[in-house]
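Using the sequences and the hints, build the whole thing.
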Amino acid sequence: EDQVTQSPEALRLQEGESSSLNCSYTVSGLRGLFWYRQDPGKGPEFLFTLYSAGEEKEKERLKATLTKKESFLHITAPKPEDSATYLCAVRRNTPLVFGKGTRLSVIA
Amino acid sequence: EAGVTQFPSHSVIEKGQTVTLRCDPISGHDNLYWYRRVMGKEIKFLLHFVKESKQDESGMPNNRFLAERTGGTYSTLKVQPAELEDSGVYFCASSQDRGQETQYFGPGTRLLVL
Numbered sequence: 001e002d003q004v005t006q007s008p009e010a011l012r013l014q015e016g017e018s019s020s021l022n023c024s025y026t027v028s029g030l031r032g033l034f035w036y037r038q039d040p041g042k043g044p045e046f047l048f049t050l051y052s053a054g055e056e057k058e059k060e061r062l063k064a065t066l067t068k069k070e071s072f073l074h075i076t077a078p079k080p081e082d083s084a085t086y087l088c089a090v091r092r093n094t095p096l097v098f099g100k101g102t103r104l105s106v107i108a
Numbered sequence: 109e110a111g112v113t114q115f116p117s118h119s120v121i122e123k124g125q126t127v128t129l130r131c132d133p134i135s136g137h138d139n140l141y142w143y144r145r146v147m148g149k150e151i152k153f154l155l156h157f158v159k160e161s162k163q164d165e166s167g168m169p170n171n172r173f174l175a176e177r178t179g180g181t182y183s184t185l186k187v188q189p190a191e192l193e194d195s196g197v198y199f200c201a202s203s204q205d206r207g208q209e210t211q212y213f214g215p216g217t218r219l220l221v222l
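Each protein sequence line maps, in turn, to chains A and B. Residue numbers 1 to 108, in this note's numbering, belong to the letters of the first sequence in order. Residue numbers 109 to 222, in this note's numbering, belong to the letters of the second sequence in order.
It cannot be assumed that every hint is accurate.
Unchecked claim - Listed below are the simulated DSBU-like cross-link pairs for lysine-lysine, each with C-alpha atoms no more than 35 Å apart in a straight line:
#, chain 1, residue 1, chain 2, residue 2
1, A, 59, A, 100
2, A, 59, A, 79
3, B, 149, A, 69
4, B, 123, B, 162
5, B, 159, A, 100
6, A, 57, A, 100
7, B, 149, A, 57
8, B, 152, A, 63
9, B, 159, A, 79
10, A, 100, A, 68
11, B, 149, A, 79
12, A, 100, B, 152
13, A, 79, A, 42
14, A, 63, B, 123
15, A, 79, A, 100
16, B, 186, A, 100
17, B, 149, A, 100
18, B, 186, B, 152
19, B, 149, B, 162
20, A, 57, B, 162
21, B, 149, B, 123
22, A, 100, A, 42
23, A, 69, B, 152
24, B, 186, A, 42
25, B, 159, A, 59
26, B, 186, B, 162
27, A, 69, B, 162
28, A, 100, B, 162
29, B, 152, A, 68
30, A, 68, A, 57
31, A, 57, A, 69
32, A, 59, A, 42
33, A, 100, B, 123
34, A, 68, A, 42
35, B, 186, B, 123
36, B, 159, A, 42
37, B, 149, A, 59
Just so you know, these hints were derived from the structure itself, not from any lab.
Written as C-alpha cells, this is what we have:
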C-alpha cells in the first residue's frame with residue numbers, strides 16, 4: 001500500500017530562519033511526487049512536481065528535492081507570508097496519495 | 109483562466125438528510141477528481157471521471173455516495189442519507205489529460221453532519 005509520511009507535523013520559525021520539511025514515501029512505480037501549499041479555508045495550491053531521484057525544483061524561497069525514499073522542501077529565509085500547511089503527495093496511478101501535511105508558522 | 113470552483117462552500121445538515129455538492133472543473137479539463145479530508149486525517153481519493161465516465165471509484169466509502177458528471181462538464185456528489193462520519197472537507201480537482209499529471213484543486217466544501 002502506498003504511504004506518505006510528513007515530518008514534522010508542525011514547525012515554528014522566526015522570519016529568516018531557514019529549515020526543511022520532510023516527506024518520506026513508500027510506493028512502487030512512482031510517477032510523480034507533488035508538493036502543494038494549503039492556506040486555511042482554501043484548497044491545495046500546486047507548487048512542484050518531481051519525477052526522478054536527484055531532481056530539484058525551485059520557486060522563490062522554496063526548493064524541492066527528491067531521493068528514492070524521500071523528498072525535502074527547503075525554505076530559505078522564510079517570511080510570515082510563507083505560513084501555511086505544506087502537503088506532499090505521490091502518484092502511482094491517477095489518484096494522489098497525500099501525507100497529513102506540515103503546518104508551518106513563520107513569526108516576524 | 110478561472111480555477112476549479114465548488115458549491116456550496118459550507119453545508120450543515122442533520123443526520124439522515126441529503127446533500128449535493130457541485131464542482132466545476134477548469135474549462136477544457138477532461139479529468140475530474142473528488143477527494144475528502146476528515147478531521148485529523150489526510151486528504152483521500154474518492155473517485156475519478158474522464159469526461160462523463162467513471163474511471164476509478166475505488167475510494168468511494170459506500171453506496172450512500174453517488175457521483176455524476178453528465179455531459180462531461182460539471183460534477184455532483186450526492187450523499188444520501190448523510191451520517192455523522194461523512195463530515196469533512198470535500199475537494200474537487202481537475203487535470204487536462206492523463207499525460208498532464210498536475211491536478212488543480214478547488215477551495216473545497218465543508219460539510220458538517222449533526
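Each hint, compared with the structure:
Of the pairs offered as hints, the one joining residue 59 of chain A and residue 100 of chain A holds, with about 22 Å between alpha carbons and a cut-off of 35 Å not exceeded. For a cut-off of 35 Å, the pair hint linking residue 59 of chain A to residue 79 of chain A stands: about 14 Å separates their Cα positions. Proposed proximity of residue 149 of chain B and residue 69 of chain A is supported: the alpha carbons are some 22 Å apart, at most 35 Å. As the CA atoms of residue 123 of chain B and residue 162 of chain B are separated by approximately 28 Å, the hinted pair is consistent with the 35 Å bound.
Distance hint between residue 159 of chain B and residue 100 of chain A is fulfilled; the C-alpha atoms sit about 30 Å from each other, no more than 35 Å. A hinted pair counts as satisfied when its Cα atoms are at most 35 Å apart, and residue 57 of chain A with residue 100 of chain A qualifies at roughly 22 Å. Under the criterion of a C-alpha separation no larger than 35 Å, the hint pairing residue 149 of chain B with residue 57 of chain A is consistent with the structure, at around 28 Å. Between residue 152 of chain B and residue 63 of chain A, the direct Cα distance comes to roughly 26 Å. Compliance with the 35 Å bound is thereby established for this hinted pair.
As the CA atoms of residue 159 of chain B and residue 79 of chain A are separated by approximately 41 Å, the hinted pair breaks the 35 Å bound. Restraint check for residue 100 of chain A and residue 68 of chain A: the C-alpha separation of about 20 Å stays at or below 35 Å, so the hint holds. Restraint check for residue 149 of chain B and residue 79 of chain A: the C-alpha separation of about 28 Å stays at or below 35 Å, so the hint holds. Proximity of residue 100 of chain A to residue 152 of chain B is assessed by CA-CA distance (about 10 Å); at most 35 Å being required, the pair is judged to hold.
For the suggested pair residue 79 of chain A and residue 42 of chain A, the alpha carbons sit about 20 Å apart, so the restraint of at most 35 Å is met. With a C-alpha separation of about 45 Å, the suggested pairing of residue 63 of chain A with residue 123 of chain B is violated against the 35 Å cut-off. For the given pair, residue 79 of chain A sits about 23 Å from residue 100 of chain A by alpha-carbon distance, which is consistent with the 35 Å threshold. Taken as a hint, the residue 186 of chain B and residue 100 of chain A pair is honoured in the structure, with Cα atoms around 26 Å apart against an allowance of 35 Å.
With a CA separation close to 6 Å, the supplied pair residue 149 of chain B and residue 100 of chain A stays within the 35 Å bound. Under the criterion of a C-alpha separation no larger than 35 Å, the hint pairing residue 186 of chain B with residue 152 of chain B is consistent with the structure, at around 17 Å. The straight-line distance between the Cα atoms of residue 149 of chain B and residue 162 of chain B is roughly 25 Å, inside the 35 Å bound, and the hint therefore holds. With a C-alpha separation of about 33 Å, the suggested pairing of residue 57 of chain A with residue 162 of chain B holds against the 35 Å cut-off.
A threshold of 35 Å between alpha carbons decides the hint, and for residue 149 of chain B with residue 123 of chain B the separation of about 21 Å falls inside it, so the pair holds. Distance check on the hinted pair: residue 100 of chain A and residue 42 of chain A sit about 16 Å apart at the alpha-carbon level, within 35 Å; holds. Between residue 69 of chain A and residue 152 of chain B the CA atoms are separated by roughly 21 Å; this keeps the pair inside 35 Å, and the hint holds. Restraint check for residue 186 of chain B and residue 42 of chain A: satisfied, since their Cα atoms lie roughly 22 Å apart, inside the 35 Å limit.
In summary, the hint linking residue 159 of chain B to residue 59 of chain A is supported, as the alpha carbons are separated by about 32 Å, within the 35 Å threshold. Between residue 186 of chain B and residue 162 of chain B, the direct Cα distance comes to roughly 15 Å. Compliance with the 35 Å bound is thereby established for this hinted pair. The straight-line distance between the Cα atoms of residue 69 of chain A and residue 162 of chain B is roughly 32 Å, inside the 35 Å bound, and the hint therefore holds. Taking the CA atoms of residue 100 of chain A and residue 162 of chain B, the gap is about 27 Å. The hint holds against a cut of 35 Å.
For the hint linking residue 152 of chain B to residue 68 of chain A, the alpha-carbon distance of about 23 Å falls within 35 Å, and the restraint holds. Between the alpha carbons of residue 68 of chain A and residue 57 of chain A the distance comes to roughly 16 Å, so the proposed pair stays at or under 35 Å and holds. Between residue 57 of chain A and residue 69 of chain A the CA atoms are separated by roughly 17 Å; this keeps the pair inside 35 Å, and the hint holds. Distance hint between residue 59 of chain A and residue 42 of chain A is fulfilled; the C-alpha atoms sit about 21 Å from each other, no more than 35 Å.
Only pairs whose Cα atoms come within 35 Å are accepted, and residue 100 of chain A paired with residue 123 of chain B is accepted, the gap being roughly 27 Å. For the proposed pair residue 68 of chain A and residue 42 of chain A, the alpha carbon gap of about 31 Å is at most 35 Å, so the pair holds. With a CA separation close to 14 Å, the supplied pair residue 186 of chain B and residue 123 of chain B stays within the 35 Å bound. Distance restraint check for residue 159 of chain B and residue 42 of chain A: the Cα-Cα separation of roughly 25 Å lies within the 35 Å cut-off, and the hinted pair is therefore satisfied.
Distance restraint check for residue 149 of chain B and residue 59 of chain A: the Cα-Cα separation of roughly 28 Å lies within the 35 Å cut-off, and the hinted pair is therefore satisfied.
Figure legend: structure checked against the earlier numbered hints; hints not met, in rising order: 9, 14.
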